[in-house]
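Asker: Order-wise, the sequence lines are chains G and L. Quick note on numbering: the numbering used here labels position 189 of the first sequence as 189, and the sequence is numbered without any gaps. Numbers in the numbering used here are just positions in the second sequence, counted from 1, shifted up by 1000.
Hints were generated in silico from the structure; no laboratory data involved. Accuracy of the hints is not assured; some may be wrong.
[Unchecked claim] 30 Å max Cα-Cα, derived DSS-like pairs, lysine-lysine:
#1 G:Lys451 / L:Lys1193
#2 L:Lys1029 / L:Lys1193
#3 G:Lys451 / L:Lys1029
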Amino acid sequence: MSAVRPPEGAKAPSGNSEAHEVTSAGAIPQIEAVNDFVIKFANVNGSGSASANELFAKAILRMGVPVSPRNIFPSNIQGLPTWYEVRVTEEGHLGRRGGTDMMVAMNPQTWDADLAELEPGGYLFYDSTRPLPPSKFRSDVRVIGMPLTEICNAVYQDPRQRQLFKNIVYVGALAILLGIEPEVVEKLFGEQYKGKEKLLASNVQALHLGCDFARENLEPLGLRVQRADRVGHRIFVDGNSAAALGCVYGGATVAAWYPITPSSSVAEAFQKYCTKFRVDPATGQQRFAIVQAEDELASIGVVVGAGWNGARAFTATSGPGISLMTEFIGLAYFAEIPVTIINVQRGGPSTGMPTRTQQADILSCAYASHGDTKHVLLFPEDPHECFEHAAAALDLADRLQTPVFLMTDLDIGMNQRLCAPFAWDDSKAYDRGKVMSAEELEAGRDFGRYKDVDGDGIPWRTLPGTHPTKGSYFTRGTTRDAYARYSERGPDYIYNMERLLKKFATAATLVPQPVLRPAAEKTELGVIYFGSTSPAMHEALQALEARGIHLDALRLRAFPFPDSVVQFLAQHSQVFVVEQNRDAQMRNLLVNELDIDPARLVRVLHFDGTPITARFIVQAIGTHVEKTQASGAAGTKESA
Amino acid sequence: MTYIAKPRLHHPTLATNKVGYTRRDYEGKISTLCAGCGHDSISAAIIEACWELDIEPHRVAKLSGIGCSSKTPDYFLGASHGFNTVHGRMPSVLTGANLANRDLLYLGVSGDGDSASIGLGQFAHAMRRGVRMAYIVENNGVYGLTKGQFSATADQGSRSKKGVVNTDSPVDLVAMALQLGASYVGRGFSGNKAQLVPLIKGAISHSGAAFIDVISPCVAFNNHPGSTKSYDYVREHNEAVSRIDFISGRDEITVDMGPGEVVDVRQHDGTLLRLRSLHPDYNPGDRYAAMAYMQRHQEMGEVVTGLLYVDPLATDLHTALNTCDRPLNALGPAELCPGAQALERLNASLR
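With the hints as constraints, model all of the structure from the sequences given.
Answerer: Here you go:
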C-alpha cells in the first residue's frame, strides 16, 4: 500500500470559504475575511518578539475570537529565523490550516521565502525604514510599509529598547489595521506588569506609537477581527504546563529530569506549581523533591528508585532522552516498578530537528529496551488531556507496576492551545495499586512478589520497611520465581513473561479508551488518528464531508489497543492511519499487535517537522478516495 | 563458608542486641561467590556493624549495581528489601529511594567496575548531592564475573592473571569522593575486619554521603604476584592513618584516652567517632590535607586506610531540598492535591 503524501505547498480551499474571499481592490486583489485568517510573524530569534506576538494572539482571544498560535523556532538562542503563526478562527479550528494570509516580515534573511508563502491576495507588513526595490515584492500581494526602525530610533535612546519596542509598535499598528481594540491590549499589559508601573507605562506608550501611526498613515485591510462570543470557558495554555499540573494533582512527589527541548518546561512548570501548592506554610518545608540529574540515565534511575520505594515519580524528556533511558525502562518493566515518563516528542532520529514536532517515538517507546517488552502509552490530544492523562499515568503506573509513557509532542507541549478547562473531582483517591500492608502480612496473607493472585497478571508488592519479618524480597532484573527468588529455570521465566502479557491485556481495559466520531452517513471508510493531529483532523473531516467523502473516525488514546480498536478495524474495508512520522509507526503497531491485513491500512504521513495541517489531510485522503473511486468506476465499466 | 548451607536453627542462647535480634537475623542467603572472596568478609563486617548498631534489619534498604560486589546484598540482612539495579547506576536508584522515604537507612554496594567505569558519573553526582547513605565499593581492580579483565581502579603497571600489564592510570574513588564533597570518606581492607566494622558503623550513622572504598582482593583473578590488589600486596603496603571506634550517644564512655592521642568526633545525632591517631600529623577534619596525604603516600607505594575525612555536622540532600519530615511516600491527596477550587482559580488565570 503506497503512502499518500501530497506536497505541503499544494493549495486546497480553506475551512471557511465564505468568510475568506479574494476580491479586487483597485489593481491588487486582496483577501477579505473576518475572524478567519492566518497571520504569521517572521522574526529573528532573540529579538524579543515572542512576548509581543503572544500578546497579539491573546488580545484577539480576549475579544471572544478563538486563536491557535504555533511557535516555529530554530535550535538556537539568538540570530536564526523564528516564526509565530496565529490562526484566527471563529469556527474554532485549532489545527494548522496551511498557507498565510498576512506576513509580518521582520526578518530580512527570510524575506523571499516569507513572501513566497503568502496566499494570492495576501498582505505583507514590513519595516519600510530602508526602501526596497520593486523586485522584492509580489504583484498579487498588498504591501503595508511602516518605518518601525525610524519611529523607534526617534523615541528611544537605548539600543535594546529600540529593538524591543519595535515589536510592541507593530502590535499597535496591527491592532488598528485589523480592528483589535487597543484597550484590550492595554488591559493585558496591566495584568502582565502588575506592580511594575514603569514597564507598564513604557509598553503602553509603544503601543500607542503604533496605533497613532496606523490611524494617520495606513489604509484599512480586508482582514478584520470582530468581537464574538466563541471562546466560552475554554482556557489557553500549553501542554507542558498542563502535564506538570497533572503530575501535581496526580500526587507525584519525586521528579527527576535533565534539560532537553521540548520537554524542559514540564519540569520547570512542576517546580513552579509545587512551590505554589506544596510548601507547608507553617514550616516552609516542601512536599516534593525535584532533582535536575546529571543525565537522562540518572533521571530515570531516580524515578525507578522512588517508584520502588512507593513514591509517585516521573521524568520528562524527549526522544534522545528515551534512548538513554531504555535499559532502565526494561528493568522497570521486568522488575515491575511504577514509572511515569513524559515524552514530548520532537523531530528525530538522532538530534534530528530538536525544535520541530513529530510523532516518531511510538515504536521506540512501545517496545523500549531489549528482550520482549511492551509498554503502556497514552496519547493526549491537547493540554486538557495532558493534564488528565498525566494524573492518570501516575495511577496506571501504580496499578500496573510498570512504566507508563505520556506521549505528547512539541506541538502540544510548547504551544498554547485553547482547550476545555481543567477539572478535578475532590473525592478522587489515588489508585496506589496492590501494595500489601503490614497488617495484611501480619494477618498471614501469602506474599509472593511475582505471584498472580488475582488472575489479572498484576502481582502484589510490599514497600521497604513495611514489616520486621515478613514481606521483604530482593528486586532484580534477572529472572526469578513467583516468590522473587533468583531462578534460571525455564518454567519460572515463562510464567513471568506470560503473566506480564496478561498484565498488558489488563492494561488495555484500564487505559483511556478510544473516542469514536461517526460519519454523518454510513461508510466503509475509517480513519485512525491520535495526539496533536486531533484538531487538524477534525477540521479535515468537515472539509472532506463537504466534498462528499465520509469517514468514521477513531481517535486512539492509548496503547495497548482496547477491543474497540479491533472492532473499528473489522467494520471498515479501508482505514486511513494519519500520523506525523515517516515510517507509519502507529500503523505498524496496529498491524503487529492486532494481526491486521496491512493492505487495509492506508498511510497518511506528515513529517516535515511542522504540525500537520487540515489542508494536508484533506488533500491526502481526498485524492486517494477520489482516485480509488475513479479506478473502481472504470473497472466496473470495463467488466460490464 | 560459601558452599555450606546454613542450618535453619540456631542456638537458643545466642546473644541478642538491644532491639532483640541475634547476629543470625542480620544474615542473608548463602553466598555464591568464590570461596575466600574478600566480598564475603565485607558482608560479614556489614552484618557485624548493623548488629552492633542495633539497627532493625527491615529498616535498611540495600541497593547495588551489577557484578560480584553487587550480588552481595543478597547475602546479608535477609529481612531487608534489596535491589540489584543495572550496571553502575545504583546511585541514582538509591537517590530516588532515599527521596521517597527518608526514614530508612540506605546501604549502597558497588564494585570498581560498577562505580569507576560505567557508573563513574552517577558515583560522582551522588557524592556531590550529599545523598544520605553508606556507599561501599568492594574494590578488587578486576572484572570477576566476566573473568579477569582490568577494571578502572587497577594500578598502572599491575599485571593481570594472564600476565598482561595495565597501561592506564587508575581511578582513585577515594580521591574523587573527597574532591566531590562526600562528608565521610574512608578506605578499608577486607582482610582487616577490626578496622572495617567501625568504619562501616560510622558510615551508616553518618548524616550525609558516606563513602568507603574497601580493597577486596579477587581470589580467582587478582590474587597473584604482580597484582597490587592481592591480599599479600595490600597487607604489606597497608598504612592505616587511624583506628576508629564508633560509640552511640547514649553509651558515651570516656576511657583509654591519652592527651593528643585520641579524638572524639561528635556527630549530628549525638554519636561519637573515636579516632585514635596512628599518624600524629593526620587530621581527618581537613578535606584538602587528606587528599594531599593520600597522594603523597600513594607515591610511596602505600595504601592508606582508615577514616580519611569526616565532617561531623554534614547534612544531606533532604536538608538541601527542604523536604518535609514525613516520608514523601506516606503523603496522600490531602497533602498533595491542591483541589478543585484551586484549579478553578488557575483556570480563571488562563483565560
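Asker: Out of the numbered hints, which ones does the structure contradict?
Answerer: Violated hint: only 1; rest satisfied.
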